[in-house]
Amino acid sequence: MCEVCAIFGAGEHWSDFGRLRDERYPFDGIQHYRDERKRRIQLLNLVLKEVEVSCEDWDGEALMLYDKAGRSKIALTLNDVWPAAEALSGRCIDPLDPSFMPGADFV
Amino acid sequence: MSDRLPLFVVTGFLGSGKTTLVQRFLRGPGGQGTGVVVNEFGETGLDHQLMVHAAENVELIGDGCMCCARRADVGRALYDLVRLSRGAGQRRFARTIIETSGLADPAPIVGTIARDPWLRQHVELVSVIAVIDAVAGLRNLRDFEEARRQVAISDALVVTKTDLRASVDPLDIGRAARRIAPDLAAHDAQDPDFSLVRLFDRTDGAAATRHRGGLFAATEVGEHDIAVGSFTLSLPDRIDWPAFTLWLSALLHRHGDQILRVKGLIRTSAGANPVVIHGVQHSMHPPVHLLGPDDGQKAFLVFITRELDRRRIEDSLTRFLKLNCSSARVTDR
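These protein sequence lines map, in sequence, to chains A and B.
For what it's worth, numbering that gives the first Met the number 0 labels the leading residue of the first sequence as 0, then goes sequentially.
For what it's worth, numbering that gives the first Met the number 0 labels the leading residue of the second sequence as 0, then goes sequentially.
Taking lysine-lysine and the DSS-like style, the derived pairs with C-alpha atoms no more than 25 Å apart in a straight line are:
| # | chain 1 | residue 1 | chain 2 | residue 2 |
| --- | --- | --- | --- | --- |
| 1 | B | Lys321 | B | Lys297 |
| 2 | B | Lys321 | A | Lys48 |
| 3 | A | Lys37 | A | Lys72 |
| 4 | A | Lys37 | B | Lys321 |
Quick caveat, the hints were computed from the structure, so don't treat them as lab data.
Could you build all of it, start to finish, from the sequences and the hints given here?
Structure follows, in structure tokens:
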């Protein structure tokens with residue numbers, strides 16, 4: 000937990016519940032949540048690169064999105080990332096578009 | 000999370016027998032301690048001391064998408080019920096039932112709970128139950144978009160009035176409903192084996208029913224003559240949870256208004272247990288973790304969509320799951 004802000008950093012979005020939480024000690028597996036968050040942000044940057052937006056962790060609780068000009072927007076959850084990225088880039092993010100992410104690195 | 004008030008939404012077209020079904024449950028064994036929220040006083044009329052009337056009040060927000068509409072009435076009624084249930088000297092409610100009006104779209108109710116942080120903490124949406132009558136049900140499904148949406152968003156279907164002479168075979172109704180929602184668990188209200196206690200039971204209504212009771216026995220549905228379609232995607236044994244959530248979140252952001260329902264059973268990089276996920280249009284619910292021994296059921300996703308091509312969704316998921324991120328994968332510790 001961040002002792003200054005009292006932020007636990009496990010997240011309350013549905014995507015933060017991939018693992019069953021211990022109700023009495025919900026932040027026991029905090030390292031797992033941090034690792035997962037880190038990986039999600041790395042993946043997000045691969046996706047957002049297509050609309051020339053980048054993303055950084057903001058105190059383990061929110062995400063900060065930047066465009067090339069340095070303008071920024073905060074996304075509190077994963078749901079908020081997409082409208083924020085579209086607002087910054089002026090472009091539409093459509094995962095069903097086969098031409099989306101042409102330059103991404105696939106395994 | 001288990002301290003949350005279990006909530007069941009009972010939906011169904013006009014005259015389908017929603018109130019009768021709820022009343023039958025309230026008066027029978029197991030109905031005690033149930034809070035009820037109704038949107039309209041129907042012909043049957045509920046006489047129940049724990050009833051709250053919430054005048055239907057839909058607030059459209061954003062771009063007017065129905066699932067993003069906020070049902071302020073439902074939010075307020077649930078807030079009152081939770082407070083009442085937790086008040087000093089009060090016995091906690093065992094469950095709450097919301098009976099929607101006959102033309103209501105249940106999506107805003109589901110969305111209201113999913114998006115309200117306070118409600119998420121205090122209320123657990125266990126299942127949406129569609130009531131359809133065996134006399135007019137098939138015609139309603141054919142003629143009314145409202146009836147099709149109610150079925151599309153539901154987890155379980157109860158066919159009523161099967162004892163009437165003009166009724167059609169409940170199996171035909173079940174088949175018609177499954178053309179909209181292939182994994183729907185259909186029950187005949189007149190069947191001696193049908194149990195309302197099980198229908199309104201938290202464990203049976205949630206993951207256990209979905210998992211074992213056939214709700215997830217989804218089958219591929221071929222061509223049909225309605226605008227709403229459904230399909231099942233098979234998934235790899237274990238998928239990367241961050242990549243999957245990224246994909247689903249982006250998909251629902253862009254196409255949520257065309258995805259009436261998504262549900263599935265998956266195994267992920269985040270934990271050992273299988274996970275049940277379900278969402279309605281733009282709203283996803285917290286995953287349900289299936290405890291106990293894994294029976295090895297194959298992982299899959301069911302989509303109930305409007306004019307969305309299966310191939311595009313499948314290709315898109317495949318591409319997202321193959322995104323190459325140089326960092327080490329998150330492992331189960």
